[in-house]
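Asker: Sequence:
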Amino acid sequence: MSDQLSVLFVCLGNICRSTMAEGVFQSLAKQDPYKGRIGKIDSCGTGAYHVGEEPDDRTMSTLESHGITDYVHAARKVNPSDFDKFDYIFAMDRSNLSDLQRIQQRKTGSKAKVMLFGEYSGTGKAEVINDPYYGGRQGFETAYEQATRFSTNFLQEVFPDVEEA
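For the sequence shown, my numbering assigns the number 129 to the initial residue and increments by one for each residue that follows.
Where hints are given, some of them may not hold.
[To be verified] DSBU-like cross-link-like pairs, simulated, lysine-lysine; straight-line CA separation at most 30 Å:
#	residue 1	residue 2
1	168	253
2	253	239
3	158	168
None of these hints come from the bench; they were simulated from the model.
Using the sequences provided together with the hints, build the complete structure.
Answerer: Encoded structure:
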């Protein structure tokens, strides 16, 4: 087993929230002091609605407006093997979490810690990342802010020995 962490982000369709979280997390993981500490980073959906599609244009434009210009992804559906490949599987909302927990129950001995990404809200209360798909740009900005805050808090918790650059 690698000493690098592996993280999977999961929402419903894998074109808005989980891709936003993956893009943000990849960007943070490439920077000091986290460079080399994170191995596999991916995202997927609990549904197969958008398999093979690129992220929503609004996700990409939000990432790009915050300086993340190198993110590339094709949507995929969660696979039971993901529970063996990843150390952490983060659900964007409680419905996603419930779906993931059902899959994990059928997968005995899996290594993944499945949890709501918003457990790392930093507020003492778990938050969900609401699906911005049917809304406007502000929903994507909110998802970006949450993904950034949750990612930062998670990294600080799992790597308490490092100081931010």
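Asker: Next step is simple, just say for each hint if it's right about the structure.
Answerer: Results of checking the hints against the structure:
1. A hinted pair counts as satisfied when its Cα atoms are at most 30 Å apart, and residue 168 with residue 253 qualifies at roughly 28 Å.
2. Taking the CA atoms of residue 253 and residue 239, the gap is near 25 Å; set against the 30 Å cutoff, the hint holds.
3. Between residue 158 and residue 168 the CA atoms are separated by roughly 12 Å; this keeps the pair inside 30 Å, and the hint holds.
Violation of the numbered hints given earlier is absent; every hint is satisfied by the structure.
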